[in-house]
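As they're listed, the protein sequences go chains A and B. The opening position of the first sequence corresponds to residue 1 in full-length UniProt numbering, with each subsequent residue numbered one higher. The opening position of the second sequence corresponds to residue 1 in full-length UniProt numbering, with each subsequent residue numbered one higher.
Hints should not be assumed to be uniformly reliable.
Copies of the same chain are indistinguishable here, so a pair counts whether it falls within one copy or spans any two.
Stated by the list, open to error - Under the rule of at most 27 angstroms between Cα atoms (straight-line distance), these lysine-lysine pairs were calculated in the BS3-like manner: (1) Lys22 to Lys133; (2) Lys194 to Lys2; (3) Lys377 to Lys59; (4) Lys377 to Lys60; (5) Lys133 to Lys2; (6) Lys83 to Lys391; (7) Lys2 to Lys88; (8) Lys159 to Lys59; (9) Lys88 to Lys22; (10) Lys362 to Lys217; (11) Lys157 to Lys194; (12) Lys321 to Lys297; (13) Lys59 to Lys297; (14) Lys297 to Lys157; (15) Lys321 to Lys186; (16) Lys391 to Lys186; (17) Lys157 to Lys187; (18) Lys194 to Lys84; (19) Lys217 to Lys2; (20) Lys217 to Lys88; (21) Lys88 to Lys395; (22) Lys186 to Lys159.
Bear in mind the hints are in silico, worked out from the structure with no lab data behind them. Quantities reported herein were computed from a predicted structural model and do not represent experimental measurements.
Number of protein chains: 2
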Amino acid sequence: MKYAFADRVRYLQSSAVRDILKIVGQGNVISFAGGLPDDDLFPIEGLEDAFSRVFATGKKSLQYMETEGYRPLREVIIERMSKKGINKFTADDVLVTTGSQQAIDLFSRIMLSPGDVVLTEDPTYLAALQVFKSYEAQVVAVDSDADGMLPDDLEQKIKQYNPKCVYVVPTFSNPAGRVWSLERRKKLIELVHKYRVVVFEDDPYGELQFADNETYKPLSSLDDGTHVMYTSTFSKTAVPALRTGWIVGPYQIIRMMAQAKQANDLHSNSLSQQALYQLCTHYDLDAHIRHLIQVYKGRMEIMVKSIEQAELPNVHFVKPKGGMFLWVEVDEAINTTNLLNDAVSNGVAYVPGEPFFAGRPKQNTMRLNFTHATPDKIEQGMNLLVQVLSKEMEKRLVEIGK
Amino acid sequence: MKYAFADRVRYLQSSAVRDILKIVGQGNVISFAGGLPDDDLFPIEGLEDAFSRVFATGKKSLQYMETEGYRPLREVIIERMSKKGINKFTADDVLVTTGSQQAIDLFSRIMLSPGDVVLTEDPTYLAALQVFKSYEAQVVAVDSDADGMLPDDLEQKIKQYNPKCVYVVPTFSNPAGRVWSLERRKKLIELVHKYRVVVFEDDPYGELQFADNETYKPLSSLDDGTHVMYTSTFSKTAVPALRTGWIVGPYQIIRMMAQAKQANDLHSNSLSQQALYQLCTHYDLDAHIRHLIQVYKGRMEIMVKSIEQAELPNVHFVKPKGGMFLWVEVDEAINTTNLLNDAVSNGVAYVPGEPFFAGRPKQNTMRLNFTHATPDKIEQGMNLLVQVLSKEMEKRLVEIGK
Chain A
1 MKYAFADRVR YLQSSAVRDI LKIVGQGNVI SFAGGLPDDD LFPIEGLEDA FSRVFATGKK
61 SLQYMETEGY RPLREVIIER MSKKGINKFT ADDVLVTTGS QQAIDLFSRI MLSPGDVVLT
121 EDPTYLAALQ VFKSYEAQVV AVDSDADGML PDDLEQKIKQ YNPKCVYVVP TFSNPAGRVW
181 SLERRKKLIE LVHKYRVVVF EDDPYGELQF ADNETYKPLS SLDDGTHVMY TSTFSKTAVP
241 ALRTGWIVGP YQIIRMMAQA KQANDLHSNS LSQQALYQLC THYDLDAHIR HLIQVYKGRM
301 EIMVKSIEQA ELPNVHFVKP KGGMFLWVEV DEAINTTNLL NDAVSNGVAY VPGEPFFAGR
361 PKQNTMRLNF THATPDKIEQ GMNLLVQVLS KEMEKRLVEI GK
Chain B
1 MKYAFADRVR YLQSSAVRDI LKIVGQGNVI SFAGGLPDDD LFPIEGLEDA FSRVFATGKK
61 SLQYMETEGY RPLREVIIER MSKKGINKFT ADDVLVTTGS QQAIDLFSRI MLSPGDVVLT
121 EDPTYLAALQ VFKSYEAQVV AVDSDADGML PDDLEQKIKQ YNPKCVYVVP TFSNPAGRVW
181 SLERRKKLIE LVHKYRVVVF EDDPYGELQF ADNETYKPLS SLDDGTHVMY TSTFSKTAVP
241 ALRTGWIVGP YQIIRMMAQA KQANDLHSNS LSQQALYQLC THYDLDAHIR HLIQVYKGRM
301 EIMVKSIEQA ELPNVHFVKP KGGMFLWVEV DEAINTTNLL NDAVSNGVAY VPGEPFFAGR
361 PKQNTMRLNF THATPDKIEQ GMNLLVQVLS KEMEKRLVEI GK
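Sequences are here, hints too, so could you generate the full structure?
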């Protein structure tokens, strides 16, 4: 039978890239494609202890819970947020979500009518683009450099498009690993106040900061509590399996999102919320995060060194200051989407940069994850990748008759 | 700041009833309003053991998982489904969701464009109505009696509205506690095949069946695997806190729903999925369900007896054959929505029937939950409710001058 789907499913089609990468999971390929933390570093003892503590509180811990989330966890989140300078809010202004992905989705659901405009960086988080498009919003890319969106272009596009929101990943962005300068952050806040636009600040990686002598203030901490929705997650700092994220921001928006969440799934897994509360109060999560930083930073250095030593022509990247990704621009003659099949056959996988672009894609880009593979595998995988890239360069040079 | 929400939020407003019932949770009121199972019956030892088993499998259990859900759990679900006669599917045709609520939501998201029609029973599950409306679909009620939808009206409305789907809760419906006859089930399947309409069968309560000598075949078991999406949940048989439900049906639809789920929340809590797999394979869930049935049936009998003994004039109900709810129609002079405040002040709460209607509401109806309160509390609460109803009857009689 042919089923009559809704119009909006045209934005939900699976991609060729995703199909290739699905195969990677099963084979012998070294993958820099996913966005996975390293399982070996998961705080399993701490978590098992946390779950035991929850079970010890009795059977009520297994009942339905309010949509907004477990209040003691929301209070812990508020406490952790205030250490980052986000201090205009109470536990009432927090909604616990099934990963920060759901925060992006619920926000879009209550904010975006078909045709509404969202301004984004370029490139930006692929799955956010998919969400915005699935609500039939129009995504417009703002010109950016290494310090963030260019204020002139941002202002011009706000005036031109009257956007519903500006979506940004200002700290260790996915995929570009970019960190916005403080000046640009302040300028963004100034502009959205001037034109009354909501900012959606997506910060899943902010805690994975490599340099301990720098401070990257969240946009939310620079706002007066009216214009910025801030979302993050326990997936990168604790574990992904619990699918627990949160969003904090103006109560009117949080309240509407909670109503949308009620329709979406009533509430997120409440046993896990209670366990995360126990983990935050009986386990040194910050020490754990410091350990993660140390390990991930080491892996990033190995990855960067591999590329530098290869001395491939026209390769550009910015050394990440945190997060999980290295964004690489290769020679313009190379199309990384077309090259993926070849790379996978040679034992290494990456994500081509193309789908991360809201505007015109740069087809010579790729995103490499440095947190999941061990140092050995990173070296091996990078060697394979460099070989694939070198061969492709040679082919291209032959083609253009040099 | 005034925020510019999407058009669709007009369907997400909180109701006065919900606001009253929120207060109930905090006070000393005996509540028949919620749809909660009894915490005291939760299989906490079985679950704690199940989680230990998962932790013992190692750190990989804490990693991200595929959107479709934990495959061994999907296989267990298929096995349990086949015992109910649903045997046209494999684990590939199952999507694990955050409660069956998310199954309703994802299905609607991929199926319903604004203006599309959904046919429902009347009354029907309130939160499903909210989801359909939130996608700006038009809900049309089909005339029903105690045996299910009336085939003539169903056929006429299919022809008139060309609906995207027929949403039904054929076994122990929420709120009406109705069970469809086999004949009506077969007739529905015949009609949707004739007119090529998808059925969404919502069956959260089917396992809570009081009479062990009767069989209520799921609609999905009467279909050839092409026209029925079947959803259920572990919330009523195991525990709600894990928010784990599933949907099984034609692969094309499941696949599209999985893509929508990827945008919505990537995947549901995977630790809980693994724990439920362990629970299903190392704990006698069926014996546990038999125990639940015995307890809940006893409570239902007490509730029914309280009403019968009160001998209030013009009170009608059908004794539930399973599930969690008793649906009561009182004298037409009584508006249960208006009466709720009074009832709560007198120490007892229910849900007024009005919001459950897709068509013209019967304002003299109410839904009573019999699974959460203890037998003592049920008796006390029903006495209070009967007093409130009697007084209201007297007032009404005085008003109309008798």
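Need the list of violated hint numbers for this structure, in ascending order. The structure conflicts with hints 6, 8, 10, 14, 16 and 21, although it agrees with all the remaining ones.
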